[in-house]
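Sequences are here, hints too, so could you generate the full structure?
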Amino acid sequence: DWSSDVCSSDLIKGFVTSDLRELIKKNNYDKVFVIGPVIMMKNVSLITKETATKTLVSMNPLMIDGTGMCGCCRVSVGGKMKFACVDGPDFDASLVDFDELMKRNRMYQDIERKKYDENCHLDIMYNSFSIYKINVKIK
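Taken in order, the sequence shown gives residues 3 to 141; the numbers are from the numbering used here.
No lab work stands behind these hints: they were computed from the structure.
Just so we're clear, the structure is a prediction, and the values are computed from it rather than from any experiment.
One thing to keep in mind: the hints can contain errors.
Derived CB-CB ranges, DEER-like [as the list claims (entries may be wrong)]:
| # | residue 1 | residue 2 | range |
| --- | --- | --- | --- |
| 1 | Asp94 | Asn29 | 17 to 23 angstroms |
| 2 | Ile66 | Asp119 | 18 to 24 angstroms |
| 3 | Asn29 | Asp119 | 44 to 50 angstroms |
| 4 | Lys56 | Met109 | 28 to 34 angstroms |
| 5 | Leu97 | Ile66 | 19 to 25 angstroms |
| 6 | Phe17 | Lys105 | 19 to 25 angstroms |
| 7 | Asn30 | Ile66 | 34 to 40 angstroms |
| 8 | Gly73 | Glu52 | 28 to 34 angstroms |
| 9 | Glu114 | Met42 | 20 to 26 angstroms |
| 10 | Gly80 | Asn30 | 25 to 31 angstroms |
With a straight-line cut-off of 20 angstroms between C-alpha atoms, the simulated EDC-like cross-links for lysine to aspartate or glutamate are [to be verified]:
| # | residue 1 | residue 2 |
| --- | --- | --- |
| 11 | Lys44 | Glu24 |
| 12 | Lys44 | Asp21 |
| 13 | Lys82 | Glu102 |
| 14 | Lys56 | Asp99 |
| 15 | Lys84 | Asp101 |
| 16 | Lys56 | Asp92 |
| 17 | Lys51 | Glu102 |
| 18 | Lys44 | Asp99 |
| 19 | Lys82 | Asp101 |
| 20 | Lys84 | Asp67 |
| 21 | Lys33 | Asp21 |
| 22 | Lys51 | Asp99 |
| 23 | Lys33 | Asp94 |
| 24 | Lys56 | Glu24 |
| 25 | Lys44 | Asp32 |
| 26 | Lys51 | Asp32 |
| 27 | Lys84 | Asp94 |
| 28 | Lys28 | Glu52 |
| 29 | Lys51 | Asp92 |
| 30 | Lys27 | Glu52 |
| 31 | Lys84 | Asp99 |
| 32 | Lys56 | Asp94 |
| 33 | Lys51 | Asp101 |
| 34 | Lys82 | Asp94 |
| 35 | Lys44 | Asp94 |
| 36 | Lys56 | Asp21 |
| 37 | Lys84 | Glu102 |
Where is the CB? At the ideal position from N, CA and C, for every residue including glycine.
Below, the structure is given as structure tokens:
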């Protein structure tokens, strides 16, 4: 039952992992729930493994179609292929292969960059807006 989890509202500057060991020991947490970037979930998982704290990670950000058809939310959990949108989105962090997931997430990085450079025109819109603002000020 994850409903009894404690959500810390302490304003600690830095990485989530900076004070995690101490927080777990100090507050005697028995569970950690993590949602965020894959690298953060991996690093939290490494710490909670050391402290033997049960950890659940949410793979919500990986989903596109929600049916398992596109396959973008594939993740190895306990050596078995799972789909976050169908089998999850929450998984035992100690069973997730974060290294494989991060490698797969970078697979199309070069193609995505090329398409972004070819098709993204936000800079033109921004420059047009800036020129418009300047013209308005001059008038």
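Hint by hint, here is what the structure shows:
Against the hinted window of 17 to 23 angstroms, the Cβ-Cβ separation of Asp94 and Asn29 comes to about 21 angstroms, which satisfies the hint. Checked against the hint of 18 to 24 angstroms, the pair Ile66 and Asp119 passes, with Cβ atoms roughly 22 angstroms apart. Range check, Asn29 to Asp119: Cβ separation about 47 angstroms, and the 44 to 50 angstroms hint holds. A hinted range of 28 to 34 angstroms for the beta carbons of Lys56 and Met109 is consistent with their spacing of about 31 angstroms.
For the pair Leu97 and Ile66, the supplied restraint of 19 to 25 angstroms holds, since their beta-carbon distance comes to about 23 angstroms. Range check, Phe17 to Lys105: Cβ separation about 22 angstroms, and the 19 to 25 angstroms hint holds. The beta-carbon spacing between Asn30 and Ile66, approximately 39 angstroms, falls within the hinted interval of 34 to 40 angstroms. Between Gly73 and Glu52 the C-beta distance comes to about 33 angstroms, which sits within the given range of 28 to 34 angstroms.
Between Glu114 and Met42 the C-beta distance comes to about 21 angstroms, which sits within the given range of 20 to 26 angstroms. One distance hint, 25 to 31 angstroms for the beta-carbon pair Gly80 and Asn30, holds here, with the actual separation near 27 angstroms. Taken as a hint, the Lys44 and Glu24 pair is honoured in the structure, with Cα atoms around 18 angstroms apart against an allowance of 20 angstroms. Restraint check: the Cα-Cα separation between Lys44 and Asp21 comes to about 16 angstroms, which is no more than 20 angstroms; the hinted pair holds.
Our distance criterion of 20 angstroms between C-alpha atoms is met by Lys82 and Glu102, whose separation comes to about 12 angstroms. For a cut-off of 20 angstroms, the pair hint linking Lys56 to Asp99 stands: about 16 angstroms separates their Cα positions. For the suggested pair Lys84 and Asp101, the alpha carbons sit about 15 angstroms apart, so the restraint of at most 20 angstroms is met. Distance hint between Lys56 and Asp92 is fulfilled; the C-alpha atoms sit about 13 angstroms from each other, no more than 20 angstroms.
A C-alpha spacing of about 18 angstroms is found between Lys51 and Glu102, which places the hinted pair at or below 20 angstroms, so the restraint holds. The suggested pairing of Lys44 with Asp99 holds, with an alpha-carbon distance near 9 angstroms, which does not exceed 20 angstroms. For a cut-off of 20 angstroms, the pair hint linking Lys82 to Asp101 stands: about 15 angstroms separates their Cα positions. Restraint check: the Cα-Cα separation between Lys84 and Asp67 comes to about 15 angstroms, which is no more than 20 angstroms; the hinted pair holds.
For the hint pairing Lys33 with Asp21, the CA-to-CA distance comes to about 16 angstroms; that is within 20 angstroms, so the pair holds. Of the pairs offered as hints, the one joining Lys51 and Asp99 holds, with about 14 angstroms between alpha carbons and a cut-off of 20 angstroms not exceeded. At roughly 11 angstroms between alpha-carbon atoms, Lys33 and Asp94 fall within 20 angstroms of each other, so this suggested pair holds. As the CA atoms of Lys56 and Glu24 are separated by approximately 16 angstroms, the hinted pair is consistent with the 20 angstroms bound.
Restraint check: the Cα-Cα separation between Lys44 and Asp32 comes to about 18 angstroms, which is no more than 20 angstroms; the hinted pair holds. Note on Lys51 and Asp32: the hinted pairing holds, with a Cα-Cα distance of about 12 angstroms set against a maximum of 20 angstroms. Taken as a hint, the Lys84 and Asp94 pair is honoured in the structure, with Cα atoms around 12 angstroms apart against an allowance of 20 angstroms. For the hint linking Lys28 to Glu52, the alpha-carbon distance of about 15 angstroms falls within 20 angstroms, and the restraint holds.
A C-alpha spacing of about 17 angstroms is found between Lys51 and Asp92, which places the hinted pair at or below 20 angstroms, so the restraint holds. For the hint pairing Lys27 with Glu52, the CA-to-CA distance comes to about 12 angstroms; that is within 20 angstroms, so the pair holds. Of the supplied pair hints, the one linking Lys84 and Asp99 holds, its CA atoms being roughly 11 angstroms apart against a limit of 20 angstroms. Simply put, Lys56 and Asp94 have alpha-carbon atoms about 8 angstroms apart, close enough for the 20 angstroms limit, and the pair holds.
About 16 angstroms separates the Cα atoms of Lys51 and Asp101, which keeps this hinted pair within 20 angstroms; it holds. A hinted pair counts as satisfied when its Cα atoms are at most 20 angstroms apart, and Lys82 with Asp94 qualifies at roughly 13 angstroms. Distance restraint check for Lys44 and Asp94: the Cα-Cα separation of roughly 12 angstroms lies within the 20 angstroms cut-off, and the hinted pair is therefore satisfied. Taken as a hint, the Lys56 and Asp21 pair is honoured in the structure, with Cα atoms around 17 angstroms apart against an allowance of 20 angstroms.
At roughly 13 angstroms between alpha-carbon atoms, Lys84 and Glu102 fall within 20 angstroms of each other, so this suggested pair holds.
Of the numbered hints given earlier, the model fails none.
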